[in-house]
Amino acid sequence: MEFIKSNKLNIALIALALVIPFAIYPVFLMKVLCFGLFAAAFNLMLGFVGMLSFGHAAFLATGGYVTGYLVSNAGLTPELGILCGTLASAVLGYLFGSLSVKREGIYFAMVTLALSQLLFFFFLQAPFTEGENGLQGIPRGHLFGMIDLSSNLTMYYFVLAVFLLGFWLINRTVHSPFGQVLKAVRENEPRAISLGYNVRKYKLMAFVLSAALSGLAGSTKALVFQLESLTDAHWHMSGEVVLMTLVGGMGTIFGPLVGAAVVVGIENFFSGGELGTYIHIIMGLIFIVCVLAFRSGIVGEFNKFVKNNF
Amino acid sequence: MDTVLGINPVALFGQLLVGLINGSFYALLSLGLAIIFGLLRIINFAQGALYMIGAFLAWIGLEWLGVGYWWSLLIVPPLVGLLGVLIERFLIRPIAHEDHLYSLLLTFGVALVLQGVFSHIFGSSGKPYSIPESLQGVMNLGFMYLPIYRGWIIVISLLVCFGTWWAIEKTKLGAYLRAGTENARLLQAFGINVPLMVTLTFGFGVALAGLAGVLAAPIYSVSPDMGANILIVVFAIVVIGGMGSIGGAIITGIAMGVIEGLTKYFYPEASNTIIFMVMVIVLLIKPAGLFGKEI
Chain A
1 MEFIKSNKLN IALIALALVI PFAIYPVFLM KVLCFGLFAA AFNLMLGFVG
51 MLSFGHAAFL ATGGYVTGYL VSNAGLTPEL GILCGTLASA VLGYLFGSLS
101 VKREGIYFAM VTLALSQLLF FFFLQAPFTE GENGLQGIPR GHLFGMIDLS
151 SNLTMYYFVL AVFLLGFWLI NRTVHSPFGQ VLKAVRENEP RAISLGYNVR
201 KYKLMAFVLS AALSGLAGST KALVFQLESL TDAHWHMSGE VVLMTLVGGM
251 GTIFGPLVGA AVVVGIENFF SGGELGTYIH IIMGLIFIVC VLAFRSGIVG
301 EFNKFVKNNF
Chain B
1001 MDTVLGINPV ALFGQLLVGL INGSFYALLS LGLAIIFGLL RIINFAQGAL
1051 YMIGAFLAWI GLEWLGVGYW WSLLIVPPLV GLLGVLIERF LIRPIAHEDH
1101 LYSLLLTFGV ALVLQGVFSH IFGSSGKPYS IPESLQGVMN LGFMYLPIYR
1151 GWIIVISLLV CFGTWWAIEK TKLGAYLRAG TENARLLQAF GINVPLMVTL
1201 TFGFGVALAG LAGVLAAPIY SVSPDMGANI LIVVFAIVVI GGMGSIGGAI
1251 ITGIAMGVIE GLTKYFYPEA SNTIIFMVMV IVLLIKPAGL FGKEI
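Chains A and B supply the protein sequences, listed in that same order. Heads up, the first sequence is in my numbering, so the first residue is 1 and it goes up one at a time. Heads up, the second sequence is in my numbering, so the first residue is 1001 and it goes up one at a time.
Warning: the hint list may mix true and false statements.
Unchecked claim - Listed below are the simulated DSS-like cross-link pairs for lysine-lysine, each with C-alpha atoms no more than 27 Å apart in a straight line:
no.: 1; chain 1: A; residue 1: Lys304; chain 2: A; residue 2: Lys183
no.: 2; chain 1: B; residue 1: Lys1286; chain 2: A; residue 2: Lys201
no.: 3; chain 1: B; residue 1: Lys1286; chain 2: A; residue 2: Lys102
no.: 4; chain 1: A; residue 1: Lys8; chain 2: A; residue 2: Lys201
no.: 5; chain 1: A; residue 1: Lys201; chain 2: A; residue 2: Lys183
no.: 6; chain 1: A; residue 1: Lys8; chain 2: A; residue 2: Lys307
By construction, these hints were calculated from the structure, which means they are not laboratory data.
All chains, please: the whole structure from these sequences, using the hints.
Take a look at the structure:
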């Protein structure tokens, strides 16, 4: 337990992250990092405030489309493109959040799902998204106008830096006084209200932060794959991020990353080849098994194991 | 064709009719969701997949087994209901005491599996299902021609919706159901088998989706993702109406179908999104929903 709480683990993990692209294909790793950040942002709401959003694809796609469009058409450098994508998602998060935090629990899930479907149709019809084709050939460009990102290895270290920044921010938020209030809302909302906290405002702030970080993940992902398509805005994507968080462990720091690695790994294994049509069945089965027998997720179970045995 | 004040009445009534039909499906599906929500406090994400299965069972019946439309209409809803009973008994009940979010995620997983299985077997292209002979043809209403099958959908949906409303609001069984919605433990203390009632309620709510599926088979093409698309719209409708009342779910469903139909005539670009926009407006003005009781 001491080991897990100490900084040694973090340092070891970062060291591992620095050398791992020499052993595993960097594009796969970048995909895991992007989805890991996306799931961690989602977990900020589900795991730490208890709000189940079923529309987080909206923020991933908004970040991706805005970044992709600006980098391709306005000649923005990658870091500025990502900044714009993240800001756009934050603004959208404020709009969606203001509407959806008025309702709770199941209604909240349905409102977020419906709002993201509204955005899906908008992206489908708007001219700048290129409809079904999506934005293709988005240039990775030169970071700060200097560092060429076209090599996958260079891009990997850039994505790792973005991921660590986002992850650090989430970690800081969770352990801040603000994060403590969020947990209080999760555990006992009426009590948090009676203590004088403006619960809706806190929920909205968590929503905006989560949306912005999801946008950051989407923006980065668009540059990695040089592609942004409607897949990211589809409700399947919203379901997938729930699955990643659930598999890895809701309300844990590392769970979403582990969940993202597992889900992306399974998808890569099944995509291509004749097993492709099984993918949704497998995903659904994992959902069912996790909910029935494995609610703490991989990291949650691991923490329990460590706690009981050491 | 003559136009009145720049409006083409034939096209307008045509879209209104389409709206009424969509509204009938919305009403059946949101009614099923509302009934299930009343007792189980969960939203059944698999409702759309079960609607799709209803349509597929009708298609399989006709193409593989030679079972006609009328028999399908009788047999398929109970079959889908039985599937619902199995889902409730073996998947939802074991985690009923946990946070309701888990049951919701469970039904989402079930929806993914069911949809995945059907698209694996049947592919994603739509399957045609012909209208039964006795319901083919059109009726002249004076101001427009009404295809008989479309009129039939509206009539049967309204009858089923009204019958369900009557059974819940006016009969002894319905009184138990309403009592269970208010306080399930107290009702159990009075000697009612509440777990059985929950299972049957889930089965009935799901059977309504199966019925909607059979009705939909002849006019929409039968495809694995037909349920997912309509379900998200129905969720928006549930948010608009609120799930406080059975009657509210029915009225909101039909009204939203009509609004969608009118939008198709006056501003077709927004017809996909109009219901979501109405939801946004309702959330701004009356967050609890038009018929909602909470907050």
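Quick rundown of the hints versus the structure:
1. A hinted pair counts as satisfied when its Cα atoms are at most 27 Å apart, and lysine 304 (chain A) with lysine 183 (chain A) qualifies at roughly 20 Å.
2. Of the pairs offered as hints, the one joining lysine 1286 (chain B) and lysine 201 (chain A) holds, with about 19 Å between alpha carbons and a cut-off of 27 Å not exceeded.
3. For the hint pairing lysine 1286 (chain B) with lysine 102 (chain A), the CA-to-CA distance comes to about 10 Å; that is within 27 Å, so the pair holds.
4. The straight-line distance between the Cα atoms of lysine 8 (chain A) and lysine 201 (chain A) is roughly 36 Å, outside the 27 Å bound, and the hint therefore fails.
5. Restraint check for lysine 201 (chain A) and lysine 183 (chain A): the C-alpha separation of about 14 Å stays at or below 27 Å, so the hint holds.
6. Simply put, lysine 8 (chain A) and lysine 307 (chain A) have alpha-carbon atoms about 18 Å apart, close enough for the 27 Å limit, and the pair holds.
Hint 4 alone, counting from the list given before, is not met by this structure.
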